[in-house]
Amino acid sequence: MGIEFDKINNGIILDVLREIGNIGAGNAATSLATMINKKIDMKVPVVKLLDFDEVPELLGGPENVVCGIFFKFEGDINGSIMFVLDQPSAINLVDLLMPRDNSEFDEFTTSALKEIGNILAGSYIASLSGLTNLQIKISVPALAIDMAGAILSVPAIHFGQMSDNVLIIQNEFIETLEAKSVDGYFFLIPDMDSYEVLLGSLGVTL
Amino acid sequence: MSTMIKVGMADLKVVEFPDALTTLGLGSCVGICLYDASSKVTGMAHIMLPSSKAIRKNENVAKFADTAIVELIQQMEAKGAKKSRISAKIAGGAQMFSFTSANETMKIGERNAEAVRIILKEMGIPLKSDETGGNFGRTIEFFSENGKLIIKTAGKGIKEI
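Chains Y and D are the protein sequences, given in the same order.
In terms of the working numbering, the first sequence has 81 at position 88, counting the first letter as 1, and numbering is strictly consecutive.
Add 364 to the 1-based position in the second sequence for the working numbering, that's all there is to it.
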């Protein structure tokens, strides 16, 4: 059952996953721009395989408090997708959507983040579905604000079942007018037996 | 001077008095802390998964509850601990994201903590105290001086068990 995850660590498959990340995040950025009616620039996504201990370092270390928005998806492929961002990025993102006087991390922020996460992950998955011709349905969001190590243990454990690495897709969005930068990380986490279907739908055999 | 030694994810370490062990930001993983009060040999493992048996890629013994506990006890014995004197404290095993219809993979924290309890029992290691479950992360510090375990959270205070 499933695949040897190490097989992913080769050029072609990593390229395919990078392209999935690129298109998915590109669509997410477009949705974000439409939603806030502002121009959004997106840097080329970075796709990497990292050691378990390297992952929390991306987000300021394992004890740094970050925001994770988590979704499950099911259909022709099953798995989960998580969007993680640090607190300044989370506040910037909400400010872009709804300019307000006091930018603090309150209940309003978390509820707005769930909604934004929903739109970002929804368009990510929709583009993945369009690209692969696979039927994929996404769940409602679950949000957690906690230590980076704890939040990232969720994808780490999942990848841990097949590897000693975690596959991450890093996306940076920049709202050009006010130069508010939002640094976000998508973790696309297909179930082990869904990798074959996912890559197979794009003509890649493992 | 006592040094605080870091244990990473899927990692384990053994220290002697006066050093201490810490692991940062435990989520669904479980921190297993073993202590021999008479030799003060102290061990900690940060495990990610309940069992190495169902997983093909299982060379990293510190990743799994079953293999990590065995390895930890061996390394502690090599430093002068006696298995019959070792006791345990555990923390972690949270469920970071909750869904109403949580399936098996979502409950990995609970399954990790349960596996650790069963294995400790099978090996005859008494579990002195534990702090598992919930939906929040934990940083833990374990002291060779007295076997104290300090648990820190983001916004939920500090606790000693």
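Among the hints, erroneous ones may be present.
Distance condition first, Cα-Cα at most 27 Å in a straight line; then the derived DSS-like pairs of lysine-lysine [claimed, not checked]:
| id | chain 1 | residue 1 | chain 2 | residue 2 |
| --- | --- | --- | --- | --- |
| 1 | D | Lys523 | D | Lys421 |
| 2 | Y | Lys107 | Y | Lys130 |
| 3 | D | Lys520 | Y | Lys107 |
| 4 | D | Lys485 | D | Lys447 |
| 5 | D | Lys447 | D | Lys492 |
| 6 | Y | Lys41 | D | Lys421 |
| 7 | D | Lys471 | Y | Lys130 |
| 8 | Y | Lys41 | D | Lys370 |
| 9 | Y | Lys107 | D | Lys471 |
| 10 | D | Lys404 | D | Lys443 |
| 11 | D | Lys492 | D | Lys520 |
| 12 | D | Lys485 | D | Lys446 |
| 13 | D | Lys516 | D | Lys370 |
| 14 | D | Lys512 | D | Lys446 |
| 15 | D | Lys443 | D | Lys492 |
So the derived label-pair ranges between C-beta atoms look like this [what the hints assert, rightly or not]:
| id | chain 1 | residue 1 | chain 2 | residue 2 | range |
| --- | --- | --- | --- | --- | --- |
| 16 | D | Lys417 | Y | Ile5 | 26 to 34 Å |
| 17 | D | Gly498 | Y | Glu108 | 20 to 28 Å |
| 18 | D | Lys512 | Y | Asn126 | 21 to 29 Å |
| 19 | D | Lys417 | Y | Asn95 | 26 to 34 Å |
| 20 | D | Ala418 | Y | Asp44 | 21 to 29 Å |
| 21 | Y | Gly193 | D | Gly444 | 38 to 46 Å |
| 22 | D | Lys523 | Y | Glu67 | 49 to 57 Å |
| 23 | Y | Asp46 | D | Glu380 | 20 to 28 Å |
| 24 | D | Arg420 | Y | Asp8 | 23 to 31 Å |
| 25 | D | Lys370 | Y | Glu97 | 55 to 63 Å |
| 26 | D | Glu478 | Y | Asn126 | 46 to 54 Å |
| 27 | Y | Asp94 | D | Ser366 | 46 to 54 Å |
| 28 | D | Ser402 | Y | Glu100 | 50 to 58 Å |
| 29 | Y | Ala119 | D | Phe381 | 56 to 64 Å |
For the record, the hints were derived by calculation from the structure and aren't laboratory data.
Just so you know, even glycine gets a beta-carbon here, dropped at the ideal spot from N, CA and C.
Hints, one by one, checked against the model:
1. Lys523/D to Lys421/D: Answer violated: Lys523/D to Lys421/D is near 36 Å, above 27 Å.
2. Lys107/Y to Lys130/Y: OK: Lys107/Y and Lys130/Y at ~17 Å, within 27 Å.
3. Lys520/D to Lys107/Y: Holds. Lys520/D to Lys107/Y sits at ~22 Å (cutoff 27 Å).
4. Lys485/D to Lys447/D: Holds, at roughly 13 Å.
5. Lys447/D to Lys492/D: holds (15 Å)
6. Lys41/Y to Lys421/D: holds (20 Å)
7. Lys471/D to Lys130/Y: holds (21 Å)
8. Lys41/Y to Lys370/D: holds (25 Å)
9. Lys107/Y to Lys471/D: holds (22 Å)
10. Lys404/D to Lys443/D: OK: Lys404/D and Lys443/D at ~10 Å, within 27 Å.
11. Lys492/D to Lys520/D: holds (23 Å)
12. Lys485/D to Lys446/D: Roughly 17 Å between the alpha carbons, so the hint for Lys485/D and Lys446/D holds.
13. Lys516/D to Lys370/D: The hint holds at about 15 Å.
14. Lys512/D to Lys446/D: Status holds; Cα separation ~19 Å.
15. Lys443/D to Lys492/D: holds (22 Å)
16. Lys417/D to Ile5/Y: 26 to 34 Å: Given range 26 to 34 Å: holds, Cβ gap about 32 Å.
17. Gly498/D to Glu108/Y: 20 to 28 Å: Because 26 Å falls inside the window, the suggested range holds.
18. Lys512/D to Asn126/Y: 21 to 29 Å: violated (57 Å)
19. Lys417/D to Asn95/Y: 26 to 34 Å: violated (53 Å)
20. Ala418/D to Asp44/Y: 21 to 29 Å: holds (23 Å)
21. Gly193/Y to Gly444/D: 38 to 46 Å: The hint (38 to 46 Å, Cβ to Cβ) is violated, given that Gly193/Y and Gly444/D are roughly 55 Å apart.
22. Lys523/D to Glu67/Y: 49 to 57 Å: Taking Cβ atoms as reference, Lys523/D and Glu67/Y lie about 38 Å apart, which means the hint is violated.
23. Asp46/Y to Glu380/D: 20 to 28 Å: Given a distance of about 24 Å, which is inside 20 to 28 Å, the answer is holds.
24. Arg420/D to Asp8/Y: 23 to 31 Å: holds (25 Å)
25. Lys370/D to Glu97/Y: 55 to 63 Å: For Glu97/Y against Lys370/D, whose Cβ atoms are near 32 Å apart, the range 55 to 63 Å is violated.
26. Glu478/D to Asn126/Y: 46 to 54 Å: Hint violated: Cβ distance 40 Å, outside 46 to 54 Å.
27. Asp94/Y to Ser366/D: 46 to 54 Å: Given a distance of about 48 Å, which is inside 46 to 54 Å, the answer is holds.
28. Ser402/D to Glu100/Y: 50 to 58 Å: With Cβ atoms ~51 Å apart, the hint holds.
29. Ala119/Y to Phe381/D: 56 to 64 Å: holds (58 Å)
Hints 1, 18, 19, 21, 22, 25 and 26 from the earlier list are contradicted by this structure; the remaining hints agree with it.
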